[in-house]
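Chemist: Now for the letters of each chain:
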Amino acid sequence: MLRTWRQRITFSDIVVWAIGLAIAFMVIYGTIATLRLGKYTSATWLDLIITGLALGGIYALIALGYTLVYGILRMINFAHSEVFMAGPFTAAFLADALVKLGIWNRYPLLSLVLVLALAAAISSGIAFLLERIAYRPLRTAPRLVPLITAIGASFFLQYTFRGLYGSGLKGFPTLEVLKGYWTLGTIHILKTQAVVILGALAMMLILYGIVQYTKFGKAMRSVSEDKETAALMGIDVDRTISVTFILGGASAGVAGILYVILFPVAHFFMGFIPGIKAFTAAVLGGIGNVPGAFLGGLILGVLESVGPSLFLDGMGIPAPYQLKDVIAFIILVFILIFRPSGILGERMAQAKA
Amino acid sequence: MAVLVSNKVTKRFGGLEALAKIDLEVKEHAIHSIIGPNGAGKTTFFNCVTGFYTSEEGEIFLEKRNITGLSPDRVTRLGISRTYQNIRLFKNMTVVENILVGMHPHLKSGLIGGILHDPRTMREEVDAVEEAKRLLQFVGLKGKGDLMAKNLPYGQQRRLEIARALASKPKLLLLDEPTAGMNPSETQEMVHFIRQLRDELGITILLIEHQMRVVMSISELITVLDFGQKIAEGNPAEIQKNTRVIEAYLGRGAASGLGQAAATA
Amino acid sequence: MSTNTSALWKQAIRAGLIGGAIVMLLALVGVIGTFKDRDIISGWISMGHVLFLAPMLLFAYNAARHVESPSKAGILLVGAISGLMSALVTAILPLFGQVVNLRAMFANASPDLYKMLTFGQGIPLGVIILLLVGFVMGGLGASLLLLPIRLRKALSQAVVWVILAGLLRELIVVVISRWGIVAYLIRWMFAQNGLAPVGAIAIFVIIGALTFWQSGRKRPAPRDLPPQQKQKRTLVTLGGAGIILIILPLVLGVYFSEILDTVGLYILMGLGLNIVVGFAGLLDLGYVAFFAIGAYTVGILTSPELGLFHLTYWQALPFAVVVAVLAGVVLGLPVLKMRGDYLAIVTLGFGEIIRILALSDWLKPWLGGSQGIQQIAHPWIGSLEIRNQTQLYYLILVAIAIAGFIAWRLKDSHLGRSWMAVREDEDVAQAMGINLVTTKLLAFASGAFFAGLSGTIFATKLTAAYPHSFSLFVSINALCLIIIGGMGSIPGVVVGSLVLMGSPELLREFAEYRYLVYGALLVVMMLMKPEGLWPEARRRLELHEENELVPLEEPQPVLNDPGQ
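Top to bottom, those sequences are chains A, B and C.
Heads up, the first sequence is in my numbering, so the first residue is 1 and it goes up one at a time.
Heads up, the second sequence is in my numbering, so the first residue is 1 and it goes up one at a time.
Heads up, the third sequence is in my numbering, so the first residue is 1 and it goes up one at a time.
It should be emphasised that the hints constitute simulated quantities derived from the structure, not laboratory data.
Fair warning: there could be bad hints in the mix.
Straight-line distance between alpha carbons at most 25 Å, and here's what the computed DSS-like set of lysine-lysine pairs gives [what the hints assert, rightly or not]: (1) Lys72(C) with Lys150(B); (2) Lys324(A) with Lys364(C); (3) Lys133(B) with Lys72(C); (4) Lys91(B) with Lys21(B); (5) Lys142(B) with Lys230(C); (6) Lys91(B) with Lys10(C); (7) Lys64(B) with Lys91(B); (8) Lys153(C) with Lys115(C).
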């Protein structure tokens with residue numbers, strides 16, 4: 001390791017390291033300053049952490065889609081953020097209908113299940129179509145081409161849904177049953193947050209089970225490892241890839257419903273930022289690695305929630321929450337520079353991200 | 001005098017030891033071959049020499065200069081050039097452009113020169129294109145300069161890759177399976193050509209080869225690798241009779257039966 | 001024979017279903033409805049109708065194309081069936097819409113739309129008419145195959161030009177109104193909305209005849225001309241283009257100068273991004289960052305609002321450009337070792353970070369927060385203040401000329417080749433002795449230079465810099481225009497910018513669906529023509545080579561070439 005450094009370290013490496021260290025230093029400084037200020041009580045911190053976990057659970061489910069597709073096709077499905085958006089945006093109409101029929105609040109569990117099912121179906125449907133129409137023909141193309149296609153598909157889907165459902169904000173009805181808090185001792189947790197955290201955890205377990213223990217999961221993993229060999233072993237590669245997209249899509253659709261439970265508004269652009277953050281989470285945990293996606297999601301969610309108050313407030317930055325997204329981006333850059341394989345990922349051959 | 005010396009070079013990938021304490025010396029103006037069964041570590045060795053990989057242990061010297069761990073561009077600028085097993089040309093660039101890129105270490109013009117077209121830059125470009133055309137003629141691709149590299153037939157692509165490698169005026173040329181995919185007459189030509197490179201241009205050549213006919217006919221020294229270890233070294237006659245070598249290729253016990261056949265190859 | 005026919009049926013039905021689905025999609029997304037009011041042929045056919053009927057026709061054509069049985073009736077039938085299927089699928093909308101209130105979900109599923117889809121006749125008559133129309137359209141589409149090629153080309157060109165003329169009616173009428181005599185000649189072709197039927201027929205006939213005549217002649221392809229003639233040709237073309245460009249705002253008037261300004265700024269940015277993406281293959285999605293930095297630097301240095309500096313535009317310009325270039329290096333450093341996908345997202349992140357920082361309260365004292373910086377100075381040349389669109393146009397034209405020159409020179413230079421080698425195969429490029437760090441940073445810096453320059457002009461044009469102007473969409477616009485124009489191609493950038501940036505300005509309806517079209521175009525381009533609409537000459541050269549056999553060479557003294 002040392003010999004690599006000695007000979008190959010360039011000026012640019014030094015500069016990058018210097019900037020990285022400076023940022024790390026500022027973060028530590030800010031943290032200490034904030035804690036010393038004593039502005040926040042431990043209850044507030046707990047609140048922030050719980051919010052972070054809820055958000056993180058959502059990121060984790062979306063991240064699964066990115067990580068599965070990357071594992072199997074070695075490409076970033078840029079349009080996954082729209083896969084995420086399609087489910088809840090469509091399901092919002094179903095929810096409206098259920099409200100009109102009086103079912104929504106009378107049978108909340110049934111309503112939730114219906115809405116989840118629709119969202120998962122729509123999202124996976126979009127993901128499936130995406131793969132079939134835009135990605136499959138380009139599997140052997142040089143790497144820039146599918147990337148640009150994905151970007152194009154992303155915008156196309158965004159604006160298609162804008163055209164279909166309108167450019168305005170579509171309110172998602174809230175469930176009476178989920179209004180208010182649950183209290184455990186001194187901890188207050190919003191009912192919605194609790195549902196989201198539990199829902200995300202449940203979904204993660206189910207998905208992990210599918211990937212690890214079912215035949216499909218095994219097929220997915222072998223195609224990720226080595227497409228040709230998997231084909232030689234009799235695995236239908238095309239079908240496996242389709243299933244992968246469908247699974248990632250379903251996960252994103254569920255994430256979408258959880259998202260609108262927390263923030264009851266859907267609109268055509270809602271996938272953009274969560275998409276990038278979920279991608280960051282996938283990379284953070286180790287791209288291609290399913291538990292990594294989950295871990296990355298939770299960590300990112302908490303860091304994003306706690307971060308502005310913890311790191312930035314102490315440095316005297318006004319309105320630190322405005323810079324919330326910056327935190328996520330900086331984490332992304334950091335990981336890709338200093339540890340591209342992520343937390344749980346294996347070292348890739350030449351350490352080139 | 002040795003052009004290349006590798007001293008106990010070791011390369012590991014995770015738990016796998018792809019190269020184990022390889023000692024090798026390539027003499028000046030020699031044609032030196034590295035052979036061995038698939039997966040023996042031959043290309044890995046090339047990658048260590050060119051700086052694409054950094055060895056875990058050991059050192060590599062180019063004419064007494066320690067080049068261990070240097071980045072590939074530095075290694076090339078110091079005088080080592082290579083071709084690739086699976087031909088890596090710049091497909092969407094023309095034949096001449098491929099060679100001009102190969103000349104990079106000798107072309108000095110940069111951003112400003114490129115924009116202003118000052119006399120020195122223009123002269124450099126003109127000279128470079130002429131040199132490229134000379135190289136094209138040398139490898140037998142005269143007149144094909146403006147074709148897209150990806151449109152050349154296979155054999156010509158191989159020759160273009162060699163021309164590109166020659167463009168940097170290397171002291172040491174690494175050829176990775178230069179006759180792969182060639183029929184016997186093309187192979188003959190390539191053998192002749194490689195000799196010419198050494199005889200006319202004075203380049204030292206280190207090559208990886210699978211075709212025994214080629215190896216035996218042009219090599220002065222042969223190093224045999226198997227599972228990352230050097231198992232034999234010597235001139236063609238010695239290697240052909242070497243039991244360990246025969247076994248490495250054909251399996252244990254083959255030595256006795258085939259010893260005679262190998263000796264008469 | 002029976003399996004053959006069933007395969008034909010399947011193909012026809014499949015094509016028809018997809019075509020119909022596309023029509024439904026266009027209808028629900030609202031494109032058909034929006035274009036309903038823009039007549040192509042006044043009183044008869046609107047663009048909405050075109051969008052409604054074209055997919056049926058085109059998919060029928062496509063289905064018929066793949067048919068193996070050469071019988072004319074067979075081909076027509078396949079097309080007609082396909083068209084019928086498309087119509088059937090489309091009919092679902094008004095039929096369903098009768099029973100269910102689709103409007104609650106699909107904002108565009110309005111009675112107006114149904115009326116249009118049923119040709120104003122309602123259910124059931126309208127639906128029957130729709131099915132008939134589909135059948136006929138499909139048959140027409142297939143019948144195109146039966147025409148000789150010259151006629152087919154002539155017909156399609158003529159139709160396209162009629163549609164274009166109808167769409168661009170406003171542009172054409174406004175422009176020619178300024179030129180008395182010419183106006184008189186052309187005015188009669190147009191109606192209040194779209195073309196007059198007479199005009200449509202005239203254009204159809206003229207263009208059709210021209211195309212027919214042209215396709216019959218054999219002219220030498222430009223590339224086959226001897227170099228002297230080629231050079232003369234190029235000079236004449238450039239000279240002519242130059243003259244046109246200089247008198248353009250005078251011909252088009254103020255309204256269009258504004259559009260040209262926007263197009264011009266994007267050409268400038270496109271030239272820069274072309275170096276980063278097209279030459280060096282680095283997909284930078286955060287390009288807007290440099291645009292913003294150029295604009296904000298000029299803002300900070302010239303605006304009296306912040307009270308920090310008070311330079312003139314020309315004094316601030318070099319600073320702004322230098323800062324942008326430095327930013328290019330700084331933002332390029334972290335991404336040097338990253339692969340394409342990651343590079344794209346990280347640079348996107350950088351672009352967003354810059355925008356968020358510009359918007360933040362934290363940096364408000366320097367960057368103006370959400371209000372931005374106002375009162376940015378105009379450039380003065382002597383005693384002339386450059387403030388209106390026309391004057392800006394010339395400033396932009398000069399900037400483009402400089403940028404274009406630089407880009408053109410760099411493309412064939414040693415550095416340009418190094419960039420392309422990096423784009424083709426980074427590892428091998430490095431093995432050639434190319435220092436990846438400096439080469440990539442130079443690409444970023446050059447791209448940033450052009451973006452920064454464009455940003456300064458943008459800032460002075462608006463006399464303000466608002467964070468909302470610097471969103472991801474700017475980067476996406478720039479990316480789209482170079483991809484669709486042709487990656488790495490300089491004329492492609494100009495074409496791309498004109499088409500993609502100009503159209504939303506000229507067609508209000510298009511502006512609504514801008515990114516939908518961009519997205520669709522990107523996908524379609526990548527699937528069908530990844531080299532773009534106006535690829536660099538080398539790409540055309542290579543397409544040319546693929547169609548010829550490489551001629552045999554005489555044996556060479558060194559290596560005999562058996563003419564492989």
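Chemist: Tell me, which hint numbers fail for this structure?
Modeler: Result: hints 1, 3, 4, 6, 7 and 8 break, sorted rising.
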